[in-house]
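The listed protein sequences correspond, in order, to chains A, B and C. Position one of the first sequence corresponds to residue 17 (the working numbering), numbered consecutively onward. Position one of the second sequence corresponds to residue 17 (the working numbering), numbered consecutively onward. Position one of the third sequence corresponds to residue 29 (the working numbering), numbered consecutively onward.
Quick caveat, the hints were computed from the structure, so don't treat them as lab data. From the three backbone atoms N, C-alpha and C, an ideal C-beta is built for every residue, glycine too. There may be inaccurate statements among the hints.
No more than 25 Å apart at the CA atoms, straight line, and that leaves these computed lysine to any residue pairs for SDA-like [to be verified]:
#, chain 1, residue 1, chain 2, residue 2
1, C, 270, C, 218
2, C, 80, B, 210
3, B, 90, C, 174
4, C, 75, C, 91
5, B, 198, C, 150
6, A, 109, B, 61
7, C, 273, C, 231
8, C, 270, C, 223
9, B, 90, C, 162
What the simulated footprint calls covered on chain B by chain C, stretch by stretch (three residues with Cβ under 8 Å from a Cβ of chain C suffice, anywhere in the stretch; the number is not a length) [as the list claims (entries may be wrong)]:
#, segment
10, 43-52
11, 97-104
12, 157-168
13, 180-190
14, 194-202
Pulled a few chain B residues facing chain A out of the computed Cβ check, cut under 10 Å [stated by the list, open to error]:
#, residue
15, 58
16, 62
17, 64
18, 80
19, 84
20, 85
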Amino acid sequence: MSDDVQSTDTEEKSLFAAPPMAEQERMVEAVLFASAEPVTVRDLEARMPHGCDAAEALVHLRRRYEGRGVQVIKVGEAWAMRTAADLAFLMQKETVETRKLSRAAIETLAIIAYHQPVTRAEIEEIRGVSVSRGTVDQLLEMEWIRFGRRKMTPGRPVTFVVTPEFLDHFGLESARDLPGLKELRQAGLLESRPLPGTPQFGEGEDEPEAEAGQSELFED
Amino acid sequence: MSDDVQSTDTEEKSLFAAPPMAEQERMVEAVLFASAEPVTVRDLEARMPHGCDAAEALVHLRRRYEGRGVQVIKVGEAWAMRTAADLAFLMQKETVETRKLSRAAIETLAIIAYHQPVTRAEIEEIRGVSVSRGTVDQLLEMEWIRFGRRKMTPGRPVTFVVTPEFLDHFGLESARDLPGLKELRQAGLLESRPLPGTPQFGEGEDEPEAEAGQSELFED
Amino acid sequence: MDEIEFDETPQEPQSVADRLAAEALIVDVDGFEGPLDLLLMLSRTQKVDLRKISVLELARQYLAFVEKAKALRIELAADYLVMAAWLAFLKSRLLLPPDPEEEGPSGEDLAAHLAFQLERLQAMRTAAAQLMARNRLGRDVFARGVPETVERVKSVTYTATLLDLMQGYARIRTRDEFRPFVMDRDSVFTMEEALERMRGMIGFAGTWTDISLYLPEGWAADPVRLRSATAATFAASLQLVKEGKAELRQQGTFEAIELRRITDK
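For reference, chain A alone in the conformation it holds in the complex (with noise of 0.2 Å):
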């Protein structure tokens, strides 16, 4: 640096001239670096020894700091250091949690892919269930999901589809490719269930247990 230009011959003069702007600049750095607040030129100066340029310091440190992972920027009539703008992806520490979706969510991502456009009023006739909020948000939100036109019918209401981020994540080409009932069927999904026309004792009220056991058995 160019710090070795002048210690030799500015020693003895260093007593009454300011020094080199290599050292003015290097003490500029220093204040920006340690200092809490922006700081003004006043400010630099009134810190430098006598008959420093603060501010032509300032120049020559700002072009030092172009394009470096450092920006000298002023605020106001002060100066401060920062950390450029571009990295600021540096000082989160991401953590990513895969979790899986709920049944729920699943639920009702099934019925708006295979009966889409879908009203949320369908859903819930479908999943004998109402659909909270919640798991329609985060279908949209994770965008597998989205609003699909208005559907033609008293209260003309909003209707749900699936997005092409869905189809990508699930390898399909389009929701039609999505296996059918009888498809379903075959690959044993629909198997365990008795057969309608065979009515088994009680099972009105054993209905939502055997339901439980049931999703039991496919969740894992």
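Put chains B and C on the given structure of chain A with help from the hints.
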């Protein structure tokens, strides 16, 4: 900067390849700059994009800041940016008035630093007086010392060692860099010599331990 | 230990300066951190390298100090007296020719150890001073003035597989197929419904009333519905009894079941 060179042809690779070294250097610069505490290479790499070589970037960065008003220094296993010591005169404003340490505390600290891992009994033997609880507490509270592993001697006494904060405060890269350590060692002043004629309990066991302790200073 | 001097010279009266120094020491006794600290201070008056110190001379100085303190009726802490006793012992060992019969360490060994202790303490003091004189963080060297805190961003990614999706759908569709068995609720009068109905009506019936009068209107026409309504009404009656709001009676087998409200006293 070299950023321009790469931006076009590596655009598509960028998802997989690590950023160019100049960019990695900027990142390390930004992180070290933003942190008051030393940052380990591991931490740096955890925050940088995948595949970055923080250790190499640090070599470049350290060189870049040579002779500047701010320095890149190594503290134990971590790295930090600190103002150059010769500019201390500019910093009166930043100086934080630290509690004045008693002579007993300073001596105890030095003994721990040079003799670590060291037991309270050993400190007392060197100082010729008992070590008050407050002295040790104060040093522990300042995070300059911490408990080390227990000594394999009767009673299995705890030992004290110095911390990375200690190294940071005194600008030491490692405990090996303690002033005059080599000379003290050569003069045999870091050995623990029992008073002649007082065979120490478990002396045979103490021997390898003392060696291990000593070597620990030099191992990392 | 040839450095140790065995000459007897300083038995002569002390110089005035020496005496003044000794008195200053005694006045300052609280300023010392124990006997070793005092010994180190005394050893400096020898103005030699600590490695060439005369331990014998040092022992004399220390014992003289203790004598002086006693003469001035200054209370000395026990460890000063222990040290004095030990130094007196050391002095005799150093002065007397070694007894071949005697076990234990020689006077020279003990003197060497004391010299080592003093040198080590002095070395640690020097090291401490050097350490404190280093460029220190917050005094000579400064960290970033406005550190940026690292923000911890916890993002949760939800995921599902095609199999999850298909299973989910299968679950719903199978439920659909069972609907005829589950959902045929048109002809079911639940106990909750019966209870609601009866709670509203019981207030008006103070006397024994056949519970069949509580059946919902129009349900008697269909035998399936009648059966459900009767069962529900009976169950609801039992519930009211359980709650202490009504009592039930039946005069005989297959007689009408009658219900009466219990009025609060």
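Discussion item. Name the hints, by number, that the structure is in violation of.
Written reply: 12, 15
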